[in-house]
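Each chain, written out:
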Amino acid sequence: MKITINVNGKTHVVNIEPAEMLLDTLRRLGYKSVHRSCESASCSACTVLLDSNPVLSCCVFAATADGRSIETVEGLTSSEKLHPIQKAFLEEGASQCGYCIPSLVMTTKALLAEEPDPTESEIREMLVGNICRCTGYEAQTRAVRKASRYLRGDEE
Amino acid sequence: MLPNVKEFIRPETVQEAYVLLEKNRQATVLLAGGTIVSQMRSSNIETIVDLRRTGLDKIVEKPGEIAAGAMVTAERFRQDRLIADRYGDFFYDSFGLIGNWQLRNMITLGGSIAPRLGWSDITTCLMTVGASLLVYGEDDYQTLCIGDYFQIPASERPIITHIILPDEDYCYAFNRFARSAFDIATLNMGIAMKLSDRRIVSSRVVCGSRPMFPSRMESVEESLVDLSFDEQTPGIVRSLVYDSFSGGSNMIASSEYRNHLASVLAERAVKKIGEIVL
Numbered sequence: 491m492k493i494t495i496n497v498n499g500k501t502h503v504v505n506i507e508p509a510e511m512l513l514d515t516l517r518r519l520g521y522k523s524v525h526r527s528c529e530s531a532s533c534s535a536c537t538v539l540l541d542s543n544p545v546l547s548c549c550v551f552a553a554t555a556d557g558r559s560i561e562t563v564e565g566l567t568s569s570e571k572l573h574p575i576q577k578a579f580l581e582e583g584a585s586q587c588g589y590c591i592p593s594l595v596m597t598t599k600a601l602l603a604e605e606p607d608p609t610e611s612e613i614r615e616m617l618v619g620n621i622c623r624c625t626g627y628e629a630q631t632r633a634v635r636k637a638s639r640y641l642r643g644d645e646e
Numbered sequence: 170m171l172p173n174v175k176e177f178i179r180p181e182t183v184q185e186a187y188v189l190l191e192k193n194r195q196a197t198v199l200l201a202g203g204t205i206v207s208q209m210r211s212s213n214i215e216t217i218v219d220l221r222r223t224g225l226d227k228i229v230e231k232p233g234e235i236a237a238g239a240m241v242t243a244e245r246f247r248q249d250r251l252i253a254d255r256y257g258d259f260f261y262d263s264f265g266l267i268g269n270w271q272l273r274n275m276i277t278l279g280g281s282i283a284p285r286l287g288w289s290d291i292t293t294c295l296m297t298v299g300a301s302l303l304v305y306g307e308d309d310y311q312t313l314c315i316g317d318y319f320q321i322p323a324s325e326r327p328i329i330t331h332i333i334l335p336d337e338d339y340c341y342a343f344n345r346f347a348r349s350a351f352d353i354a355t356l357n358m359g360i361a362m363k364l365s366d367r368r369i370v371s372s373r374v375v376c377g378s379r380p381m382f383p384s385r386m387e388s389v390e391e392s393l394v395d396l397s398f399d400e401q402t403p404g405i406v407r408s409l410v411y412d413s414f415s416g417g418s419n420m421i422a423s424s425e426y427r428n429h430l431a432s433v434l435a436e437r438a439v440k441k442i443g444e445i446v447l
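These protein sequences, in sequence, are chains A and B.
According to this note's numbering, the first sequence holds residues 491 to 646 in order.
According to this note's numbering, the second sequence holds residues 170 to 447 in order.
Don't read these hints as lab results, they were simulated from the structure.
The model shown is predicted, which means the values in this text are computed figures rather than measured ones.
Misleading hints may appear alongside valid ones.
Unchecked claim - Residues from chain B that face chain A, not an exhaustive set, calculated with beta carbons under 8 Å: (1) L171; (2) V174; (3) K175; (4) E176; (5) T204; (6) Q208; (7) I228; (8) V229; (9) Y261; (10) G265; (11) N269; (12) W270; (13) L272; (14) N274; (15) Q401; (16) I405.
Just so it is clear, CB atoms sit at the ideal spot from N, CA and C, and this is done for glycine as well.
The shape of chain A in the complex, shown without the other chains (with noise of 0.2 Å):
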């Protein structure tokens, strides 16, 4: 069957298997920044933006999909400039081995578009389910943090 998607403002029409899931759609068509991993809704390593709102897109079927807006990192920035949240994520050191970061970083995006200063417990609340094995978490709560900052215009 064919949809037609539009990822980070670009349309694409595609053909898809009646079960296909989004996730295998994307990665298909080249947005390699959404990452398989547990395939079964427990690490959010898949994360995107599908009507601006996080998903988990190993378990949301591309057909429907269809006729809506999908965010990945790669639709972050268009110039080498890091997004204020991939520069707050870098400078805070929360990336290590670096698997889960598009998903944190795609997640924090959308918090941020709701609630643009978050408190500890709100940036924990909304995090909880992107699991990342080699930090404890610290580093990324900082980050996001530091990234509501940039975005609210309080630090450069």
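The hints should help you fit chain B onto chain A, whose structure is shown.
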């Protein structure tokens, strides 16, 4: 994995969806949020019927009740103004304990009830507030309580279209225990109490993830009628729940462990209610 799916159909009405389901129930699955269907392992399923376009994604206030569409997501329901006005923080706090943000953006109310998941926190919460179901099936639309819906054999089950939330003057509390924040509940417990002059007029005590299906503890509810609500009440409820618990064992916990857990969670839930009313 569903290796033999040949059709993905997006009906625009519930009636159309029901006709498609009835064509061949053995080979058809209804799709709501997708978190259950995506994890299915079946070579029998040939048709997926997606309910997303059937208009069941609204929350509407009606005289004496709120009707939430079966396709409303847990997060949307949790954040909804109508729901907050009616139930305060109950659903915001309770649903906040379920899975994570991503999952709550996907899982739907109807999709959580329909598969008859024993561990569903959503079902326990909805039973706690006395929700009923508007369903569409062979007998057209009808209203069923959640317990009655579960009695219908899977091969005859109608489609849940709305969750009907009554306008009642109860206080609510919900607790769950899981091995980790992201795990399914080892046990969950919801308690609703209606008080008048600090006496318990009526109550609902709902225990889920026993590991069987959530059910009301009617003997506890009967024992609580006309009891004075004071500092002793949490302990009384704890004892009553301990004596009346009916559950089972599985790889997550033994029946004895769950029995103890149920009494502790019930006590904590009543303490929460006490913080509201005392």
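The hints, checked one at a time:
Here the hint on L171/B is kept, as its CB sits about 4 Å from the closest CB of chain A, short of 8 Å. A hinted interface residue such as V174/B counts as satisfied when its beta carbon comes closer than 8 Å to some beta carbon of chain A; here the least separation is about 4 Å, so the hint holds. A distance limit of 8 Å between C-beta atoms decides the matter here; for K175/B the minimum to chain A is near 6 Å, and the interface restraint holds. Given the 8 Å rule on beta carbons, the hint for E176/B holds: about 6 Å separates it from the nearest Cβ of chain A.
Interface restraint check: T204/B against chain A, minimum CB-CB distance 5 Å, threshold 8 Å, status holds. With its C-beta approaching chain A no nearer than about 6 Å, Q208/B sits inside the 8 Å limit, and its interface hint holds. The interface hint given for I228/B is broken, as the beta carbon of that residue sits about 17 Å from the closest beta carbon of chain A, more than 8 Å. The criterion of a C-beta within 8 Å of any C-beta in chain A is not met by V229/B, whose closest approach is roughly 21 Å, and the hint is violated.
For Y261/B, the suggested interface contact is broken, since its CB lies about 11 Å from the closest CB of chain A, more than 8 Å. Interface hint at G265/B: satisfied, since its Cβ lies 7 Å from the closest Cβ of chain A, which is below the 8 Å cut-off. The closest approach between the C-beta of N269/B and any C-beta of chain A is roughly 3 Å, which is under the 8 Å cut-off, so the hint is satisfied. The beta carbon of W270/B comes within 5 Å of a beta carbon in chain A, closer than 8 Å, and the hint placing it at the interface holds.
The interface hint given for L272/B is met, as the beta carbon of that residue sits about 6 Å from the closest beta carbon of chain A, less than 8 Å. A distance limit of 8 Å between C-beta atoms decides the matter here; for N274/B the minimum to chain A is near 4 Å, and the interface restraint holds. The interface hint given for Q401/B is broken, as the beta carbon of that residue sits about 33 Å from the closest beta carbon of chain A, more than 8 Å. Given hint, I405/B at the interface with chain A, is violated; its Cβ is 33 Å from that chain's nearest Cβ, farther than 8 Å.
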